[in-house]
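Asks: Each residue of the sequence shown is one higher than the one before, counting from -1 in my numbering.
Just so you know, the hints here were simulated from the structure itself, not pulled from any lab data. Take the hints with a grain of salt, since some may be wrong.
[Stated by the list, open to error] Quick list of in silico lysine-lysine cross-link-like pairs, BS3-like style, CA-CA up to 27 Å: (1) K87 to K32; (2) K50 to K32; (3) K91 to K105; (4) K32 to K91.
[Unchecked claim] Taking CB as the label site, the calculated pair distances span: (5) T40 to N98: 33 to 41 Å; (6) P72 to E38: 30 to 38 Å; (7) T40 to C69: 25 to 33 Å; (8) E64 to K91: 29 to 37 Å; (9) L85 to L46: 15 to 23 Å; (10) G113 to T34: 47 to 55 Å; (11) R28 to G113: 38 to 46 Å; (12) D89 to D23: 20 to 28 Å; (13) E43 to E94: 30 to 38 Å; (14) K50 to C17: 17 to 25 Å; (15) E99 to Q37: 32 to 40 Å; (16) N67 to K87: 20 to 28 Å.
Since the structure is predicted, the reported quantities are computational estimates derived from the model, not experimental observations. Each residue gets a CB set at the ideal place from its N, CA and C atoms; glycine is no exception.
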Amino acid sequence: HYLFRRQKGPDMLLLESGCQVPVMDRWMMRRMLKPTPEQEETFSEDVLRIQKSREQYGLVRDAVIEEANECQVPVGEHHVSCWLEMLFKDDRKAAETYLNELIEAIKESESELNGQ
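Just need the whole structure built from these sequences, with the hints factored in.
Replies: Written out as structure tokens, the structure is:
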């Protein structure tokens, strides 16, 4: 979906396609690692270091998969819900509005693609 691609990165495109492997992006790394104020200064560098290390990346990814399993939800849904939770904090109304607008935009995009 053109609109969806413009709004989100590769991780969300994979999840939209049904992929159940979480992508360890900045959002998920921040959520899982919970950096302290002292660690914030080097957090970006730390994320890059972890993303480049197959072993470290795998440990964080496996922790996310385990967490999703404990919540009894598919990994893709867990990834998206974590992102929404971090982005909108406790503003459920804003999150619902965002999702409704996104769903409508996707439907419009699909209609355009189908010539309707």
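Asks: Check each numbered hint from earlier against the structure, then list the numbers of those it violates in ascending order.
Replies: none
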